[in-house]
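Undergrad: Here is what each chain is made of, one letter per residue.
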Amino acid sequence: DQQVKQNSPSLSVQEGRISILNCDYTNSMFDYFLWYKKYPAEGPTFLISISSIKDKNEDGRFTVFLNKSAKHLSLHIVPSQPGDSAVYFCAASAESGGGADGLTFGKGTHLIIQP
Amino acid sequence: DVKVTQSSRYLVKRTGEKVFLECVQDMDHENMFWYRQDPGLGLRLIYFSYDVKMKEKGDIPEGYSVSREKKERFSLILESASTNQTSMYLCASSFLPSSYNEQFFGPGTRLTVL
Chain X
1 DQQVKQNSPS LSVQEGRISI LNCDYTNSMF DYFLWYKKYP AEGPTFLISI SSIKDKNEDG
61 RFTVFLNKSA KHLSLHIVPS QPGDSAVYFC AASAESGGGA DGLTFGKGTH LIIQP
Chain W
116 DVKVTQSSRY LVKRTGEKVF LECVQDMDHE NMFWYRQDPG LGLRLIYFSY DVKMKEKGDI
176 PEGYSVSREK KERFSLILES ASTNQTSMYL CASSFLPSSY NEQFFGPGTR LTVL
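These protein sequences, in sequence, are chains X and W.
Residue 115, in this note's numbering, is where the first sequence stops; the numbers in between run on with no holes.
Residue 229, in this note's numbering, is where the second sequence stops; the numbers in between run on with no holes.
Treat each hint with caution, since some may be false.
Which bits of chain X does chain W cover? Going by a derived footprint, with three or more residues having C-beta under 8 Å, they are [unchecked claim]:
1. 36-48
2. 104-114
The following label-pair restraints were derived from C-beta to C-beta distances [stated by the list, open to error]:
3. W:E171 - X:D1: 17 to 25 Å
4. X:A94 - W:T198: 32 to 40 Å
5. W:D166 - X:I112: 39 to 47 Å
Think about it this way: if two alpha-carbon atoms lie no more than 30 Å apart in a straight line, the pair counts; the simulated DSSO-like pairs of lysine-lysine are [claimed, not checked]:
6. W:K186 - W:K168
7. W:K133 - W:K168
8. X:K5 - X:K56
9. X:K71 - X:K56
10. X:K71 - W:K172
11. X:K5 - W:K172
12. W:K133 - W:K170
13. W:K172 - X:K68
14. W:K170 - X:K5
15. W:K118 - W:K185
16. W:K133 - W:K185
17. W:K128 - W:K185
Source of the hints: derived by calculation from the structure; they are not laboratory data.
The beta carbon of each residue, even a glycine, is placed where N, CA and C say it ideally should be.
Turn these sequences into a full structure, and let the hints steer you where they fit.
TA: Structure follows, in structure tokens:
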């Protein structure tokens, strides 16, 4: 049973426009959510996170929104740039204080920024 | 800067061979993790460790074992490699306690089992 779902395997967006990547989860115990970005042949790199006590977190061009009642989060990138082309993974954790458990990842969304 | 290094970027092994994947982190992190990434399946947790000589099974531990003899080093062992273990293997580490659960990943090892 997939606890973190990214239903769009790929997304194509024109440069300069907004990219919206979506993620749904089923485990109500998740209280911390992260987005990772991954280029081919490299390890994932942390992008942005949000705690369940917030509904929005912003860092430069990246904003993550959390809707707990819908068990849905989204990553907004604006404006989109060619270097944003990568696979984006949504991840969730049920341990916000300990960190001893591994993260549960979605399958990823391949974002392609068109010039 | 956190540095997580993995011993090999690419590895080719034969079915039945014993395979060691090594991971080293230089930030004195307590937690270390091994994931595998497969197309259409995302990242799946194999094993993790929250202290030296401690280990916990992740979601897909079958066919794998791990070793954590020193805090900075976490090894993944394939006792008898099989073709379905062909994958990208990613090591990660994180600080304990951490209220952010941010994990830092190594560059990955692309393992091919023939």
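Undergrad: All the hints need checking, so say for each whether the structure fits it.
TA: Each hint, compared with the structure:
1. Residue count for the segment 36-48 of chain X with a Cβ under 8 Å from a Cβ of chain W: 7. That meets the three needed, and the coverage hint holds.
2. Residues of the segment 104-114 of chain X lying with their CB closer than 8 Å to a CB of chain W number 5, which satisfies the three-residue condition for coverage.
3. The beta-carbon spacing between W:E171 and X:D1, approximately 20 Å, falls within the hinted interval of 17 to 25 Å.
4. For X:A94 paired with W:T198, a C-beta distance near 34 Å keeps the hint of 32 to 40 Å intact.
5. Look at W:D166 against X:I112: about 42 Å separates their beta carbons, and that is inside 39 to 47 Å.
6. Distance check on the hinted pair: W:K186 and W:K168 sit about 9 Å apart at the alpha-carbon level, within 30 Å; holds.
7. Restraint check for W:K133 and W:K168: the C-alpha separation of about 21 Å stays at or below 30 Å, so the hint holds.
8. Of the pairs offered as hints, the one joining X:K5 and X:K56 holds, with about 20 Å between alpha carbons and a cut-off of 30 Å not exceeded.
9. With a C-alpha separation of about 14 Å, the suggested pairing of X:K71 with X:K56 holds against the 30 Å cut-off.
10. Between X:K71 and W:K172, the direct Cα distance comes to roughly 27 Å. Compliance with the 30 Å bound is thereby established for this hinted pair.
11. Distance check on the hinted pair: X:K5 and W:K172 sit about 22 Å apart at the alpha-carbon level, within 30 Å; holds.
12. Between W:K133 and W:K170 the CA atoms are separated by roughly 20 Å; this keeps the pair inside 30 Å, and the hint holds.
13. In summary, the hint linking W:K172 to X:K68 is supported, as the alpha carbons are separated by about 29 Å, within the 30 Å threshold.
14. Of the supplied pair hints, the one linking W:K170 and X:K5 holds, its CA atoms being roughly 27 Å apart against a limit of 30 Å.
15. Between W:K118 and W:K185 the CA atoms are separated by roughly 16 Å; this keeps the pair inside 30 Å, and the hint holds.
16. Taking the CA atoms of W:K133 and W:K185, the gap is near 21 Å; set against the 30 Å cutoff, the hint holds.
17. Straight-line distance between C-alpha atoms of W:K128 and W:K185 comes to about 26 Å, which keeps the hinted pair within the 30 Å bound.
In this structure, every one of the numbered hints holds.
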